[in-house]
Amino acid sequence: MSSSIVRWSVLGVAAAAALAAGIYFAYDARTAKPESEPLAAAALNGLALPDVDGKEQRLDQWRGKLIVVNFWATWCAPCREEMPEFIKAQSELGPKGLQFVGIAVDQPDKVKQFAEEIGLNYPTLVGGFGAMELSKTLGNHLMALPFSVVMDRKGTIVYTQLGTLKPDKLTAITRQYL
Amino acid sequence: MDRSPTLTGSPRKPSRRSGAARIAAALACALGLTAAVAADPKLLPPEQAFRFSARALDERTLEARFAVADGYYLYRDKFVFALEPQPPGFAAPQLPPGKLKDDQFFGKVETYRGEVVVNLPLPAAAAGQSIVVAADSQGCADAGVCYPANRQKITLVIPAAGKGPGAVVEAYPRKKSWFN
Numbered sequence: 001m002s003s004s005i006v007r008w009s010v011l012g013v014a015a016a017a018a019l020a021a022g023i024y025f026a027y028d029a030r031t032a033k034p035e036s037e038p039l040a041a042a043a044l045n046g047l048a049l050p051d052v053d054g055k056e057q058r059l060d061q062w063r064g065k066l067i068v069v070n071f072w073a074t075w076c077a078p079c080r081e082e083m084p085e086f087i088k089a090q091s092e093l094g095p096k097g098l099q100f101v102g103i104a105v106d107q108p109d110k111v112k113q114f115a116e117e118i119g120l121n122y123p124t125l126v127g128g129f130g131a132m133e134l135s136k137t138l139g140n141h142l143m144a145l146p147f148s149v150v151m152d153r154k155g156t157i158v159y160t161q162l163g164t165l166k167p168d169k170l171t172a173i174t175r176q177y178l
Numbered sequence: 179m180d181r182s183p184t185l186t187g188s189p190r191k192p193s194r195r196s197g198a199a200r201i202a203a204a205l206a207c208a209l210g211l212t213a214a215v216a217a218d219p220k221l222l223p224p225e226q227a228f229r230f231s232a233r234a235l236d237e238r239t240l241e242a243r244f245a246v247a248d249g250y251y252l253y254r255d256k257f258v259f260a261l262e263p264q265p266p267g268f269a270a271p272q273l274p275p276g277k278l279k280d281d282q283f284f285g286k287v288e289t290y291r292g293e294v295v296v297n298l299p300l301p302a303a304a305a306g307q308s309i310v311v312a313a314d315s316q317g318c319a320d321a322g323v324c325y326p327a328n329r330q331k332i333t334l335v336i337p338a339a340g341k342g343p344g345a346v347v348e349a350y351p352r353k354k355s356w357f358n
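If you read the protein sequences in the order shown, they are chains U and F.
Start counting the first sequence at 1; every next residue gets the next number (the working numbering).
Start counting the second sequence at 179; every next residue gets the next number (the working numbering).
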């Protein structure tokens with residue numbers, strides 16, 4: 001009787017462990033190297049959104065550069081806070097192949113005004129809620145801002161950041177991929 | 179103690195999580211949590227960071243309430259309340275004063291932390307009538323992220339005169355925990 005209980009307990013634990021392992025590997029594959037990543041990267045590379053002047057811009061025009069796609073908005077204080085660093089990095093490392101591209105979840109007139117105010121030296125596109133949805137597929141599950149995605153020269157996503165992309169992190173990224 | 183949520187980046191490389199973290203991740207999935215919550219355990223989705231609930235106080239007043247989680251805040255000037263159907267004579271409610279913040283970008287702004295209670299006067303409503311309270315709100319986490327403006331809705335039933343307040347209705351009811 002008791003040995004039967006022990007046997008079933010062992011089997012139960014083994015089954016639970018197998019289930020957990022299966023779930024873990026599925027989970028790990030999704031977060032560390034999601035199978036959908038090439039699809040997400042393809043969606044991002046093929047993205048076409050209007051710029052502040054209403055002219056459609058495709059993201060793949062910057063292919064071959066190290067691209068930092070920064071989802072932001074004028075109503076988001078932490079977004080505004082990190083942008084001067086991006087302007088500085090664009091100015092210093094742009095000639096070496098660094099390219100920032102903003103995607104504003106905002107109204108075009110507000111974006112244009114703010115871009116002029118801070119002397120934005122990289123393009124920013126304007127998207128609505130669709131841009132937020134896109135950021136979700138790229139790992140921004142909370143759909144919060146700022147959110148940055150770094151793509152290497154081949155268009156592969158190498159880093160994502162929810163919240164401000166700190167200067168030391170940006171330096172580490174550019175050192176590794178530029 | 180600083181209870182602010184914290185953020186980390188996500189290098190797209192195979193992770194080297196500890197065994198405990200791996201088991202926690204597996205369990206998180208097994209318990210039906212989303213990958214987002216599992217991957218970013220210290221940041222809340224907006225509906226949990228800013229919990230909206232409402233109740234009918236009487237046949238002439240509705241009460242809307244936001245419970246703002248520690249480390250998060252809402253902007254006072256982003257609040258918009260509406261009723262559906264909109265009763266004739268409905269006016270924007272009086273909002274309680276917020277905490278004045280001198281924001282480097284937005285100048286002087288008022289923010290709410292903790293509990294925010296707003297009374298919505300009902301000029302005309304019949305007992306038993308269903309009414310939808312729609313609340314637009316927008317806020318941020320001290321950790322350095324902001325959530326877009328979000329509309330949440332709650333349906334209330336107007337109580338009969340003298341019957342006392344109706345039940346509190348939450349926009350996103352808390353899930354029952356297995357541990358309490």
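Read the hints as simulated data drawn from the structure, not as lab findings.
Note that the coordinates shown come from a computational prediction; the quantities given were computed from them, not determined experimentally.
The beta-carbon is built from N, C-alpha and C at its ideal position, and this holds for glycine as well.
Among these hints, one or two may not hold up.
[What the hints assert, rightly or not] Result set (DSS-like, lysine-lysine): computed pairs, CA atoms no more than 30 Å apart in a straight line:
id, chain 1, residue 1, chain 2, residue 2
1, F, K341, U, K136
2, U, K112, F, K286
3, U, K166, F, K331
4, F, K353, U, K166
5, U, K55, U, K96
6, F, K277, U, K88
7, F, K279, U, K110
8, U, K136, U, K169
9, F, K256, U, K112
10, U, K112, F, K353
11, F, K331, U, K136
[Stated by the list, open to error] Cβ-to-Cβ under 8 Å is the rule here; a few derived chain F residues that face chain U:
id, residue
12, P189
13, E225
14, F268
15, P271
16, P274
17, L278
18, F283
19, F284
20, G285
21, A312
22, Y325
23, V346
24, A349
25, Y350
Open item on the list: F/K277 and U/K88 were given as a pair; does the straight-line alpha-carbon distance stay at or below 30 Å?
Closed with: 34 Å, violated
Task: Interface hint for F/Y325, Cβ within 8 Å of any Cβ on chain U - done: 5 Å, holds
Task: Interface hint outcome for F/F284 [beta carbon to chain U under 8 Å] - done: 7 Å, holds
Open item on the list: Hint validation: F/P271 versus chain U, beta carbon distance must be below 8 Å. Holds or violated?
Closed with: 22 Å, violated
- [ ] Quickly compare the C-alpha distance for F/K341 and U/K136 to 30 Å and report which way the hint goes.
- [x] 46 Å, violated
Open item on the list: A closest beta-carbon separation below 8 Å is what the hint needs, so does F/V346 meet it against chain U?
Closed with: 26 Å, violated
Open item on the list: Please verify whether F/K256 and U/K112 have alpha carbons no more than 30 Å apart.
Closed with: Holds, because 22 Å separates the two Cα atoms, which is no more than 30 Å.
- [ ] With a cut-off of 8 Å on the beta carbons, see whether F/F268 makes it to chain U.
- [x] This hint is violated: F/F268 lies away from chain U, its Cβ roughly 27 Å from the closest one there, beyond 8 Å.
Task: When the least beta-carbon distance from F/F283 to chain U is tested against 8 Å, hint result - done: This hint holds: F/F283 lies near chain U, its Cβ roughly 5 Å from the closest one there, short of 8 Å.
TODO: Given the hint that U/K136 pairs with U/K169, test it: the Cα-Cα distance must not exceed 30 Å.
DONE: 22 Å, holds
- [ ] Measure nothing beyond the straight line between the CA atoms of U/K112 and F/K286; if it is 30 Å or shorter, mark the hint as holding.
- [x] Holds - the C-alpha atoms of F/K286 and U/K112 are around 23 Å apart, at most 30 Å.
Open item on the list: Take the shortest C-beta to C-beta distance between F/A349 and chain U; is it under 8 Å?
Closed with: Violated - the Cβ of F/A349 stays beyond 8 Å from chain U, reaching only about 17 Å at its closest.
Consistency with the previously given hints fails for numbers 1, 3, 4, 6, 10, 13, 14, 15, 16, 17, 20, 21, 23, 24, 25, ordered from lowest to highest.
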